[in-house]
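With chain A fixed as given, assemble chain B onto it according to the hints.
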Amino acid sequence: MENRPLEYDYTVAKMFMLTTIILGIVGMSIGVFIAFELAFPGLNTVLGSGLAEYTNFSRLRPLHTDAVAFGFTLSGIWATWYYVGQRVLKVSMAESKFLMFIAKLHFWLYILGVTAVVVSLFMGITTSKEYAEFEWPIDIAIVVVWVLWGISIFGLIGIRREKSLYISIWYYIATFLGVAMLYLFNNMEIPTMLATSAAGESGIGAWYHSISMYAGTNDALVQWWYGHNAVAFVFTVPIIAMIYYFLPKESGQAIYSYKLSLLAFWGLMFVYLWAGGHHLLYSTVPDWMQTMGSVFSVILILPSWGSAINMLLTMKGEWQQVAASPLIKFMVLASTFYMFSTLEGPIQAIKSVNAIAHFTDWIVGHVHDGTLGWVGFMIIAALYHMAPRVFKRELYSKGLMAAQFWIQTLGIVLYFTSMWIAGITQGMMWRAHDEFGNLAYSFMDTVDVLHPYYALRGTGGLLYLVGFFMFAYNIYKTMSARPVEESELQNASPMGA
Amino acid sequence: MFHWLEKHPFFFAVGVFVTIAFAGLIEIVPNFAQASRPVIGTKPITLLEQAGRDVYIKNSCNACHSQLIRPFKAETDRYGHYSLSGEYAYDRPFLWGSKRTGPDLHRVGNYRTTEWHENHMKNPKSVMPSSIMPGYAWLYTNNADIDTAYATQLTNAEFFGVPYNKPVPMKDGSTTVVKMADSVAGAHAMALAEAKEITSKMKDQDVKDAVARGEVPEIVALIAYLNSLK
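Read top to bottom, the protein sequences are chains A and B.
Mapping to UniProt numbering: the first sequence position 162 is 162, numbers consecutive.
Mapping to UniProt numbering: the second sequence position 38 is 38, numbers consecutive.
Here chain B stands alone, though its shape is the one from the complex:
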């Protein structure tokens, strides 16, 4: 059989393809629908948080930080409740990471504050003396890309049915609605309102001034995102 295959490249290629495709089908397909169901309490992220998530991705924060708490005592002691599949239902792309050069961030919003992040991102050593993380000074001067974040929200709602502007069940039995703007101009106003809330807890005068001018520096968006990780 194999001698024959080696003389017939077409059938050989078909044979190889079927052999390698087999495992993928069995492993990936059965769980697909189930894994995409959100757990109760999972809401879509807001516009500013989305812009911050984009900043997180842009700077490959996931190269050093994971967002996956494994079900071990040491990890739940250190980071909080272990991660559940449904918590990631709206995560496109997923940001689990593969290496912890720094600590896990899946629930960092529970134990770090806006002010802490502000100091940490400017000069990590100011809050963690032996940190090997570099400073991210440019986050304070670059502006976040609100338009793209808005387009991402729209795509999530249109193509993947992420429930923006719809009631989402919460753990205490209530419902929450995460609003999405209906135009680009509306989106900018929305992001700015969110940004003002963040900067009210920040110290950096240049960042405050920028927001007052109607700009949204990357650091503000990033902090909004990190605060949302709970």
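For reference, chain A alone in the conformation it holds in the complex:
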């Protein structure tokens, strides 16, 4: 063992890579479909009036967000965890039968959970809390899946050979703890079947139905404390874990600054959770909380940009790699979108801007430049880096990858520019008064004016989806090709830059 390189076991990483791609296609296809439903409402009944209940916008919208956030993104996070974890801790999954079993259980229970989520959301079984729509039986399953992942993280850490935890591991641990805390508290609910009527009957009604422990303003506060930080601990923290591993590995460059990564990490941990209040500006939560949400959102720029700048400076002196390698392009643009998105968010959290932006499509645009540009690109880049190594084949096509990059980038740009214009137009029209002090526009006027932007947004989404299919095809051709590598690539980039 001593002088031989470790043989890492990628069985579970491969399984999660496949679900990343499959659930990405599912989630993004639904996204494109519902985007076009807003532009062309006729699509709501495209499968006939009998199935309209299952194809209309309002049923599919939660399915889209959950499929992308908890299908595509979580799978991507786990695919990278089961790859990166072993490597930076210098221990192979094959060394522990127990951890292997836990990891596989983690995967299969997750698949079961995903199936239950899809079926229940189609049926209209939802708690209506955004990104936490699942009823209690699924919530319990999710907690179990999460605990299994926790066992896997701390189990692998427990048997590690590398004494010090690499930066990526910090972020994976934070993801695990953050989501666990948020999810548990936000999903506190009481199954209604536990109630007893005056006549002594119990177990009344749907067994899976529950109601929230919190009411009204409190419920909103807990929900957005969760909702905002689902963005933090699903869309930000684990994605930073990825880039801290994959960018240095792919470019052959060391992380620019250890101190900066330290500062950015602890800063992010401390600041992020305060910012949830910015979802509730001008609502009925107390003013001081709204102000905290607003102020801390602006402060959040510092740790966010800390990480992003650290990433970009990692490429210092090696910028020619960006031109040469589409894989580096993905990661550098991901960091750039991260910076862009974490500047846009705080701007929207300023009270006077929020007064216009809230409830409009600008918010939707913001979410998507973050998720498509930062999360999507980083996961795609991670899988591209992993594919040649886990399947032990050269990547099928670098040209296809470059084409995909440009098509998807164009898609994102169309998406957020159309939503910017749409959102600001909407916000301005809602508040406009004429010279007599009456409302200048009816609500319908604002709906009419949005049509071209909705069509444009759908087109942007479609381009991104097309790119994603190219990605899926590229990975498929890679894994089904004849093996060419005797042993795994060690340092050289698979792009051969």
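Honestly, the hints are just simulated from the structure, not real lab data.
Under the rule of at most 27 Å between Cα atoms (straight-line distance), these lysine-lysine pairs were calculated in the DSSO-like manner:
(1) A:Lys259 x A:Lys249
(2) B:Lys7 x A:Lys163
(3) B:Lys7 x A:Lys259
(4) A:Lys351 x B:Lys99
(5) B:Lys7 x A:Lys97
(6) A:Lys477 x A:Lys104
Relative to chain A, chain B alone:
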């Protein structure tokens, strides 16, 4: 200190957890009791309204409609008085929404009628020619889940002390009692009586027939709920 933490995963995890939990404690805990006090005039919703609220949630109406009027002139002009915290004291879950693809509904009961909703839900374009809302035809044939609505009422009363069968103070100094049935059979009778009141203002003959047979179509419950939003 940080080098040391990076070598001791347990303490590292504790450190991370404390750091992230801090903000939640400070922001959420102090206001909890205060925000749950109802303003005068807030009553628990009736059985049929509860069933309608469940239909609203089932179809994720909150994906496109908010129920939160912000304190701006444009919003109070358009939707009515801005929302107050205590008005939501019995809302489990809250339904503020995060996106207005359609207008706010917090006080829709003040300016839309049963008949308007009936036409709108069947074919939104019939009342709003350029509406992009889809029709919700299945609401006219699916029956509302009265049992679950009743269980929800019971849970609200038992676990959260929502004042059913108790006098609730109104703005004019009087009190109102919102009754809750004492058995499942009683609940069905109660829902049906409420439903008959709604259908007396509706046109759809199939819906009227269904109620006459003792069924409660989802549309009837949903309209009852929307009418209660004031």
